[in-house]
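Number of protein chains: 2
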Amino acid sequence: MTRTFSTDPRRDGYRMPGEFEPHDGCWMLWPERPDNWRLGGKPAQQAFVAVATAISASEPVSVGVSAGQFANARRLLPASVRVVEISSNDAWMRDVGPTFVVDDRGGVRGVDWQFNAWGGLDGGLYFPWEKDDAVAQKVLEIEGRDRYRAPFVLEGGAIHVDGQGTLITTEECLLNRNRNPHLTRNDIERLLQRYLGVEVVLWLGRGVYRDETDGHVDNLCAYVRPGEVVLTWTDDPRDPQYEISRDACERLMQARDARGRRFKVHKLIQPGPLRMTKSEAEGVDSAEGTAPREAGARLAGSYVNFYIGTRRVVVPLLDAKRDGPALRKISSLFPGREVVGVPGREILLGGGNIHCITQQVPSGRRRARRAEPAR
Amino acid sequence: MTRTFSTDPRRDGYRMPGEFEPHDGCWMLWPERPDNWRLGGKPAQQAFVAVATAISASEPVSVGVSAGQFANARRLLPASVRVVEISSNDAWMRDVGPTFVVDDRGGVRGVDWQFNAWGGLDGGLYFPWEKDDAVAQKVLEIEGRDRYRAPFVLEGGAIHVDGQGTLITTEECLLNRNRNPHLTRNDIERLLQRYLGVEVVLWLGRGVYRDETDGHVDNLCAYVRPGEVVLTWTDDPRDPQYEISRDACERLMQARDARGRRFKVHKLIQPGPLRMTKSEAEGVDSAEGTAPREAGARLAGSYVNFYIGTRRVVVPLLDAKRDGPALRKISSLFPGREVVGVPGREILLGGGNIHCITQQVPSGRRRARRAEPAR
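Protein chains in written order, with the numbering used here: chain P, 1 to 375; chain H, 376 to 750.
Calculated from the structure, these hints are not laboratory results.
Treat each hint with caution, since some may be false.
Distance condition first, Cα-Cα at most 27 Å in a straight line; then the derived DSSO-like pairs of lysine-lysine [said to hold, decoys possible]:
no., chain 1, residue 1, chain 2, residue 2
1, H, Lys639, H, Lys704
2, H, Lys653, H, Lys417
3, H, Lys417, H, Lys506
4, H, Lys704, H, Lys642
5, H, Lys642, H, Lys696
6, H, Lys417, P, Lys131
7, H, Lys704, P, Lys42
8, P, Lys278, P, Lys321
9, P, Lys131, H, Lys506
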């Protein structure tokens with residue numbers, strides 16, 4: 001039974017937990033659109049299978065897939081991964097799925113954000129996006145969790161929280177006129193407070209260079225635990241990422257979180273820089289209304305775009321030279337978890353990485369499905 | 376986690392329970408195809424909502440719906456009913472859904488029959504039917520129940536069992552050359568024994584007059600409890616149904632079930648006879664490959680086409696003159712259950728009734744969804 005509430009999570013005693021808190025499961029979608037994924041999506045599908053398989057050693061994984069791809073996805077994914085029919089416009093569960101919130105009695109609910117394909121008709125990445133906008137509700141129906149329909153545009157990748165009152169986001173995304181032009185910075189802070197149960201909103205500036213989401217924080221910076229974040233970094237002052245990361249670091253160092261703590265910032269050297277090859281670009285259909293893929297384009301690769309499972313952290317492998325040091329660094333940050341790498345380039349070619357294609361379901365009390373009292 | 380087994384349920388200690396045994400839930404699909412349901416399916420949708428609502432007082436109900444109708448179905452169905460995206464070619468969950476089997480340790484699994492739209496290209500009702508054939512697997516993925524894929528064509532409406540070793544079916548359907556022409560009567564009996572855990576197969580002759588499923592037993596005769604059935608009936612010897620019901624009654628009276636019992640047969644006077652009106656027929660699109668709907672056609676109406684929920688029996692209302700006596704009769708047969716009537720004509724116009732559009736999930740032990748052991 002999934003009810004839709006018109007109240008807000010904070011009023012009802014709910015908060016978004018940190019990703020590092022325990023999970024009941026993880027949701028993903030299945031990539032297929034040939035105007036975003038090269039070669040009919042086949043290499044990306046293999047990459048998604050590897051991600052789902054890696055996470056399924058940590059927690060149960062469910063993958064939503066269109067009717068047309070159901071049999072193929074079912075065949076390619078391991079039996080331990082649940083496959084369900086959910087149609088979508090693309091495969092970014094982080095951004096189109098629900099953001100789960102919890103209370104202190106084992107309750108779990110979902111926030112269903114308004115979605116406009118990262119900018120609608122003003123710089124968004126494709127049109128239409130109405131199937132994406134319906135994904136969160138479909139996930140919540142299957143999970144049997146109640147729902148809040150938020151009154152503003154947001155993607156799950158645009159926020160990170162510590163579960164203790166602090167949220168990190170970027171001005172580039174949340175203050176972009178293509179998201180909620182009628183809302184001021186203060187309005188947005190108040191809505192984030194109400195819908196995610198946070199008190200402090202920490203604004204970074206820009207996201208990763210050439211990130212087509214308008215700078216989602218989840219590709220730039222992630223919580224490791226409360227008070228401690230990992231930030232994508234380069235030591236090359238000629239790289240456009242240099243200034244972005246330096247600015248983010250400064251803002252973090254100057255901030256205090258909701259508990260009054262100063263931040264500990266771990267720097268994680270970025271891969272590459274990486275560029276799309278001619279052969280990769282040629283594998284993508286061109287389509288009216290979809291952002292083109294061009295040979296030579298700088299890719300917004302970042303090791304920060306990992307997924308923190310209950311028992312495993314799953315990290316994209318992106319650069320033979322940098323992967324090893326990145327995995328070692330991330331391992332040192334998560335002493336209680338196994339850290340595993342999965343090839344991430346095919347996901348990156350589609351515009352994101354492992355964090356962007358996953359959405360955790362925090363642990364909660366199971367709700368029994370009951371019959372209604374007879375009327 | 377849904378595994379597909381290549382063994383069979385009998386070998387693994389599973390049997391199909393009687394519908395009158397307790398349920399964990401009930402599945403349905405959402406009607407929409409305008410070449411079967413009049414007026415774009417809108418009157419049928421109201422009827423399905425009434426059925427789902429009535430059953431939801433007895434046990435949790437899930438309804439599968441196409442992406443295009445998701446929002447409409449979600450709006451029309453009560454919040455207590457779970458709505459999930461499952462595409463299908465029509466809305467007959469009894470025939471396209473899994474038939475659940477149980478063992479004596481709380482295990483529940485599903486049998487996924489091959490489906491050919493009640494006869495394939497040789498008298499079947501529509502083409503194509505590939506989405507219908509995928510429904511059972513999709514239900515099992517969501518239920519988290521393991522699956523047997525049966526190696527022959529069958530619909531759930533073609534069988535009734537007592538859960539104690541006996542199955543009732545009709546020759547008209549199961550021996551029809553448009554189902555499994557390569558299998559003999561003996562072959563089919565052996566397969567039913569293996570896939571449903573029964574010992575005795577009791578063959579009735581024909582199903583209800585003009586039943587377009589080739590005489591599904593579930594419109595003719597249903598178990599009330601082991602050893603006791605209810606049979607649709609007419610006292611009018613000029614009605615073509617007269618001879619069919621008399622023959623079925625004789626076969627039942629002469630039979631013994633797997634426990635050696637003789638049958639107690641309760642006769643239930645049929646509605647009507649009922650015919651499709653000109654206005655009803657005019658509301659249906661004509662489409663190549665779909666059986667036409669014609670004004671004046673005799674409808675295969677039967678009160679036997681009810682659903683036995685855990686706490687409620689839901690019966691189609693079909694004829695102002697006959698409904699009252701039918702409800703009283705059925706009430707007398709189910710002393711432990713509330714018997715409720717729901718208007719059934721709009722479902723009948725599409726070719727079946729309440730039993731045809733539902734599929735029970737027998738009670739079992741809940742399986743925890745767990746992560747896979749790390750590899």
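Discussion item. Just to be careful, I want the Cα atoms of H:Lys704 and H:Lys642 compared with a cutoff of 27 Å; is the pair within it?
Written reply: Given that 27 Å is the threshold and the Cα spacing comes to 9 Å, the pair holds.
Discussion item. Against the 27 Å threshold, does the CA-CA distance of H:Lys642 and H:Lys696 hold or violate the hint?
Written reply: holds (17 Å)
Discussion item. Would the hint linking H:Lys417 and P:Lys131 be met if the CA-CA limit is 27 Å?
Written reply: holds (23 Å)
Fill in: 27 Å limit on alpha-carbon distance, applied to hinted pair H:Lys653 and H:Lys417
holds (18 Å)
Worksheet item: Is it true that the CA of H:Lys417 sits at most 27 Å from the CA of H:Lys506?
Response: The given pair, whose Cα atoms are some 22 Å apart, holds under the 27 Å limit.
Worksheet item: Does P:Lys42 lie within 27 Å of H:Lys704 when you go C-alpha to C-alpha?
Response: violated (59 Å)
Practice prompt. Assess, step by step, whether the Cα of P:Lys131 is no farther than 27 Å from the Cα of H:Lys506, and give holds or violated.
Written response: With Cα atoms ~19 Å apart, P:Lys131 and H:Lys506 stay inside 27 Å; holds.
Worksheet entry | Given hint H:Lys704 paired with H:Lys639 - CA-CA distance at most 27 Å | holds (15 Å)
Discussion item. Would the hint linking P:Lys278 and P:Lys321 be met if the CA-CA limit is 27 Å?
Written reply: Since the Cα atoms of P:Lys278 and P:Lys321 sit roughly 22 Å apart, the hinted pair holds (cutoff 27 Å).
Figure legend: structure checked against the earlier numbered hints; the only hint not met is number 7.
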